[in-house]
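Go by the hints and put chain B onto chain A.
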Amino acid sequence: MDLLNNLALGFATAASPWNLLFCLTGVLLGTLIGVLPGIGATATIAMLLPITFQLEPVSSLIMLAGIYYGAQYGGSTTAILINMPGESSSAVTAIDGYQMARRGRAGAALAIAAIGSFFAGTVSTVLVAVFAPPLTAIALQFGSAEYFSLMIVGLVSSIALAHGSVVKALGMVVLGLLLGLVGTDIYTGTPRFNLGILELSDGLNFVALAVGVFGIAEILRNLENEHERDVVIKKVTNLWPTREDWKAMTAPILRGTVIGSALGILPGGGAILASFASYTVEKRISNTPGEFGKGAIAGVAGPESANNAGAQTSFIPMLTLGIPANPVMALMIGAMIIQGIVPGPNVATEQPALFWGIIASMWIGNLMLILLNLPLIGLWVKLLTIPYYMLFPAIIAFCSIGVYSVNSNVFDLYAVAFFGLLGYGLAKLRCEPAPLLLGFVLGPLLEEHLRRAMIMSRGDPSTFVTRPISLILLLLAAAVLVVVLLPSIRKKRDEVFVED
Amino acid sequence: MKSLSFSARDLICGLLFIAVGLFFGIQAYGLEIGTAFRMGPGYFPLVLAAILVLLGIIVIVQSTQLEHEPMGPIAWRGLLFILPAPIFFGLTVRGLGFVPSLFFTGLLAAFASTKMRPGTALLLVGGLTLFSVIVFSYALGLPFRRFGPWLGM
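Chains A and B supply the protein sequences, listed in that same order.
Each residue of the first sequence is one higher than the one before, starting from 1 at the first, in my numbering.
Each residue of the second sequence is one higher than the one before, starting from 1 at the first, in my numbering.
There's no promise every hint is true.
No more than 27 Å apart at the CA atoms, straight line, and that leaves these computed lysine-lysine pairs for DSS-like [unchecked claim]:
| no. | chain 1 | residue 1 | chain 2 | residue 2 |
| --- | --- | --- | --- | --- |
| 1 | A | 247 | A | 294 |
| 2 | B | 115 | A | 382 |
| 3 | A | 283 | A | 247 |
| 4 | A | 283 | A | 294 |
| 5 | B | 115 | A | 247 |
Simulated restraints on C-beta separations [what the hints assert, rightly or not]:
| no. | chain 1 | residue 1 | chain 2 | residue 2 | range |
| --- | --- | --- | --- | --- | --- |
| 6 | B | 114 | A | 378 | 48 to 58 Å |
| 7 | B | 64 | A | 482 | 21 to 31 Å |
| 8 | A | 186 | B | 36 | 54 to 64 Å |
| 9 | A | 130 | B | 62 | 43 to 53 Å |
| 10 | B | 29 | A | 140 | 34 to 44 Å |
| 11 | B | 115 | A | 239 | 29 to 39 Å |
| 12 | A | 482 | B | 126 | 56 to 66 Å |
Just so you know, the hints here were simulated from the structure itself, not pulled from any lab data.
Positions of the beta carbon are idealized from the N, C-alpha and C atoms, including for glycine.
Bound-form chain A, shown alone:
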């Protein structure tokens, strides 16, 4: 069977000692930054991107992917132990996980989160393996109109996921798109928006933008009021769940896996939406909804499974279409381009070892996480006690080194400072950086496909609605936009986001 052959190739690639080492490095690093406050997966991957130039393409992508889902595990650990979600997707876990910890059941909560994540990771890895090839086949028939509409879906979904004002999130997307157009027009070679600065003629540096807006701005936010984090953690004991726990967690894990896998595929969607959706579902169908918020097992098991499943399946649009589902995937695409691989449907056929190696490594990485993290929990707890002021000088130093080593161009470092300031200002104005980054990555692609589609249709814009796949995608985008703008749902959405 094709699938088995492909998976065998994948595991052979991912299980080479060298790649196992990078997978391990990735998941450990990911857990570390997930646990440590003030630095997320996006900033870390942006920082490490240049360093991965030295590696084989497959090794570097395996390591970056490991950082991504490792951070999800680490984020849940802090969410449960100190009510501080390390990653936004574990915000929901904090609600009931922390209450479990306060009742002395931290060990069980951590174990449930880990087991749920592992199960969801296994199932969704299989899903990626099963669905990626047929989707690739469909993607090969995509024309410019379809690509354009698909990117619109992605951008609209990223608005739906942003906190607060929809108008501001839309503004961030447009601002990102505009920043992405700085440089040189691809069709005519006309320089534009470069302010006469020579270094800008190739466009703004993606790594500098990501590091500035996510890394530097986050540090500035943390420095606003430096209060001691009171880290009072009781010793974590009794990791193994009881028989009642197993009973209570099985169904939520299964449902969470399904919800997460489905939502993760949506471009722009992914892990955050999945965990919120799972929590809502569990609360609604529970016999004891009053338990939620007071340490319900289903409130940990469901969302944790969902966010991990979503994290894995969000690789599908990236691997098959070359369209990023979230900022981390945007960075992975950046990594591919730097390595000389053109992201898109051709990756599966031209680079089968890379494609299947990444998929297989996700399962291996999840296995490593569950085997390593439960025993290492004491170490992660110790790390939590490191004061923040000891951390950020190192973050600044690594950011500077990382950005400089992309092109050995000092201009990129000035850009980091500029985008750090911009990111901090936007955060003060309650504007989310994630839609901006997604817009920035998709800006040039969106313009290219729009212009090509219009040339193909001889200037007739109805091409976007007469081609069936394109029409479906645009209707989907419109539906998402209508849903987020409906007052009743907006209120719900605000309530949900209030939790973090």
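Relative to the frame of chain A, chain B by itself:
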């Protein structure tokens, strides 16, 4: 009579959108616009800029209706020490070389916190520099000069 009151946050945000939109719009207008059939380099940016200006206006209109919440403290000390750090690294990494440049960059950043003591900072940044030189320069072999021409080396 009820006086109009604006949320400062939304007002600034709206004005920023409008200003950036106008900036890109005016620049794009100077480029070849083309037609919907054959779009020039200015077409797509001009459309986007117009949308951004429109969104800015909506944000300002909404700013009169919503409840206001304060902007919160601004990390002036952070801005003063953090933002110059990568710029300093950029200015000196070639001249001073990787080792001294990184050391002073870290030191500069360290003082963004009110909690940092000079002794701790020196120790921390010293360790950080040593770690970075071993990892980035020796182990990963990034092509940096460890000590630069300004030091006569």
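Hint check against the structure, violated hint numbers in rising order: Those not satisfied are hints 5, 6 and 8.
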